[in-house]
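Sequence order for the protein chains is A and B. Under our numbering, the first sequence has 171 at position 178, and the numbering climbs by one with no breaks. Under our numbering, the second sequence has 127 at position 134, and the numbering climbs by one with no breaks.
Quick caveat, the hints were computed from the structure, so don't treat them as lab data. Computed from a prediction, not measured in an experiment: that's the story for all the values here. Glycine included, C-beta positions come from ideal geometry on N, C-alpha and C. Each hint should be verified, as a subset may be incorrect.
Said to hold, decoys possible - Covered by chain A, according to a simulated footprint, are these stretches of chain B (three or more residues, beta-carbon under 8 Å):
| no. | segment |
| --- | --- |
| 1 | 63 to 71 |
| 2 | 148 to 155 |
To be verified - Partial selection, computed: residues in chain A whose CB lies under 7 Å from chain B:
| no. | residue |
| --- | --- |
| 3 | Pro92 |
| 4 | Gln93 |
| 5 | Leu94 |
| 6 | Leu96 |
| 7 | Cys100 |
| 8 | Ile104 |
| 9 | Ala154 |
| 10 | Tyr157 |
Number of protein chains: 2
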Amino acid sequence: MNLADHYRGRKVLVTGGLGFIGSNLAIELERLGADVTILDCLIPEHGGNRFNIAPIDGRVSVNISDMRDANSLNVLVEGMDDVFHLAGQVSHGDSMRDPQLDLGVNCISTINLVEACRHHAPEAVLVYTSTRQVYGRPESLPVREDHPTVPVDVNGINKLAAEYYHRLYDRTYGLRSVVLRLTNTFGPRQQIRSDRQGFIGIFIRQALRGERLRLFGTGEQRRDFNYVDDVTDALLRAAANEACHGGTFNLGAPRHYSLLEFVAALAKHTQVEYELVPFPDDKKIIDIGDYYGDWSAFADASGWAPEVDLDEGIQRTVEHYLAHPDVYWR
Amino acid sequence: MNLADHYRGRKVLVTGGLGFIGSNLAIELERLGADVTILDCLIPEHGGNRFNIAPIDGRVSVNISDMRDANSLNVLVEGMDDVFHLAGQVSHGDSMRDPQLDLGVNCISTINLVEACRHHAPEAVLVYTSTRQVYGRPESLPVREDHPTVPVDVNGINKLAAEYYHRLYDRTYGLRSVVLRLTNTFGPRQQIRSDRQGFIGIFIRQALRGERLRLFGTGEQRRDFNYVDDVTDALLRAAANEACHGGTFNLGAPRHYSLLEFVAALAKHTQVEYELVPFPDDKKIIDIGDYYGDWSAFADASGWAPEVDLDEGIQRTVEHYLAHPDVYWR
Chain A
-6 MNLADHYRGR
4 KVLVTGGLGF
14 IGSNLAIELE
24 RLGADVTILD
34 CLIPEHGGNR
44 FNIAPIDGRV
54 SVNISDMRDA
64 NSLNVLVEGM
74 DDVFHLAGQV
84 SHGDSMRDPQ
94 LDLGVNCIST
104 INLVEACRHH
114 APEAVLVYTS
124 TRQVYGRPES
134 LPVREDHPTV
144 PVDVNGINKL
154 AAEYYHRLYD
164 RTYGLRSVVL
174 RLTNTFGPRQ
184 QIRSDRQGFI
194 GIFIRQALRG
204 ERLRLFGTGE
214 QRRDFNYVDD
224 VTDALLRAAA
234 NEACHGGTFN
244 LGAPRHYSLL
254 EFVAALAKHT
264 QVEYELVPFP
274 DDKKIIDIGD
284 YYGDWSAFAD
294 ASGWAPEVDL
304 DEGIQRTVEH
314 YLAHPDVYWR
Chain B
-6 MNLADHYRGR
4 KVLVTGGLGF
14 IGSNLAIELE
24 RLGADVTILD
34 CLIPEHGGNR
44 FNIAPIDGRV
54 SVNISDMRDA
64 NSLNVLVEGM
74 DDVFHLAGQV
84 SHGDSMRDPQ
94 LDLGVNCIST
104 INLVEACRHH
114 APEAVLVYTS
124 TRQVYGRPES
134 LPVREDHPTV
144 PVDVNGINKL
154 AAEYYHRLYD
164 RTYGLRSVVL
174 RLTNTFGPRQ
184 QIRSDRQGFI
194 GIFIRQALRG
204 ERLRLFGTGE
214 QRRDFNYVDD
224 VTDALLRAAA
234 NEACHGGTFN
244 LGAPRHYSLL
254 EFVAALAKHT
264 QVEYELVPFP
274 DDKKIIDIGD
284 YYGDWSAFAD
294 ASGWAPEVDL
304 DEGIQRTVEH
314 YLAHPDVYWR
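One chain only, chain A, in its complex shape (with noise of 0.2 Å):
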């Protein structure tokens, strides 16, 4: 499938655009030829950044809006040919301290997301990215899409709600949706400056830093990581292709990596040390040991297949951010 031929003139909508997957995918869509809007609510630290859509500043209309406010939705959602739903809360530890925000932002969010489709947008196609944090600790390996779902956190529950929301509106309205849970996404435009988008950016922060990285327990928990360029191309593809509507589909990673593998690529490409260190008990609580993800179900429907491997990753990753140091992490 050539995505230019499918996407150009296409009207899109973005939500969370401004974020770190939202943006890199709408720079994409514009590279396309699509007509591209970004919805984005730039709550303060759950990463929407103006700077992220820099390459194609004027060329995408931004609408700063709230999705917990349902009218707004309503009008932006009028004649968008395809929805990408990335806008939400992602953060675990936030979503155990504020579980009512966290509701709000990806629960309420997405019910007025859908209803807004249903009844302004009911010829959309609507991709929704979820997370492999709706299984929970995996009973066998590599997760299969109907793995029994078990989220540690409040977060996992909201996002596995709102992927009922779009599986339901699909079967009961024929609204068009699909569902991806992507796994470790890494790559440019993520707020790396909190601690509140999960490891990598931790990681990557203190590297940039020079700061000697500190890996908790033994660091062989196996995990499958995706650069943002693949999981864009998923995001695409998943939308365009027929035969992916009214699923849900795991991403992943054709190898696996350990944590320490992770940390050690990333200090070779910042030159800075690292070491394990004892798990804190706090953390040890709602870490879910090895996850890999079976993605073939996806790779059969859309044709994708990771093209980026971890270290080359890795270095256009640093690259990015050392060419921005103020907007991200210094």
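With chain A held as given, fit chain B onto it using these hints.
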């Protein structure tokens, strides 16, 4: 286990305690000697009714407030030994017409409750009444607790999320919680004036008014019916038995009846006629066919077994409503 010995003098909060099951539970708790506080917000049409607690009026404390307001909940849970969480929106149709309201009443309220208990009543036992609707259409019968959860309406999704909050807070914070998945509960004190509480209430109202009962389709779908006294017994056992804490359990019944058998029994006790009519499309879409649950896990953990069979339950139910026509149905 002697429930009176257990509950005598215990401080107990019943959310939704002016509603159908909540009021029956509060009456039984008062009879057992518990110190009962009822919390209800009396949202019109949601099922609450002050007359429901006429038998214990003045002997229990009634607090009118909305659980979406976290502050009053924090005060109300303090010092409680048991919290029975029955407040909620239960209409499947309403959840599709106003999904945001359903989310608020079922999810925001529940998050507020588990947070309130975590901080202000960490020793309390918390029992949540969920629903068989979380399973959706059964893939196999009888449905066990590990059956996939594929809700067919917004209400089922939100109840499922509320279940997850209970399990998460049990696992993560040591709050002792039990989730019971109720099936078709019937009996005195249900709101039967509107169609909101499901088919049982609709048929009972029609029968009491002497109307001809019209059953959609063949009426061959089999269900498990629980008389409300058996459900309150289940709730009391769930909180009192440590073996139940942390668990998620189906209720169910030893015998399964077709909807036609239910209607025939109701018609017999009210001397009305009944007939089969074709299924309307809008009802067919949410019909789940046969459903009956495997309740052996709960029986093992609690010693519970339903004692009131369909015919006797319907007889008692009809007697209650005939004694109070102006309150419930005329």
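Hint check results:
1. Restraint check on the segment 63 to 71 of chain B versus chain A: 1 residues with Cβ-Cβ distances below 8 Å, three needed, restraint violated.
2. Requiring three or more residues with a Cβ within less than 8 Å of a Cβ of chain A, the coverage given for the segment 148 to 155 of chain B holds, as 4 such residues are present.
3. Taking 7 Å as the C-beta cut-off, the interface hint given for Pro92(A) holds, the closest approach to chain B being about 5 Å.
4. Using the Cβ-Cβ criterion of 7 Å, the hint placing Gln93(A) at the interface with chain B is satisfied: the shortest such distance is roughly 6 Å.
5. With a cut of 7 Å, the hint placing Leu94(A) at the interface with chain B is violated, because the nearest CB-to-CB distance is about 10 Å.
6. Contact between Leu96(A) and chain B, as hinted, is supported at the beta carbon level, the nearest pair being about 6 Å apart and thus within 7 Å.
7. For Cys100(A), the interface hint holds, the least distance from its beta-carbon to any beta-carbon of chain B being 6 Å, beneath 7 Å.
8. Given hint, Ile104(A) at the interface with chain B, holds; its Cβ is 5 Å from that chain's nearest Cβ, closer than 7 Å.
9. Annotation: Ala154(A) was flagged as interfacial toward chain B, and the flag holds, the nearest CB pair being 4 Å apart, inside 7 Å.
10. Interface restraint check: Tyr157(A) against chain B, minimum CB-CB distance 4 Å, threshold 7 Å, status holds.
Going down the numbered hints, you'll see the structure goes against 1 and 5, while the others check out.
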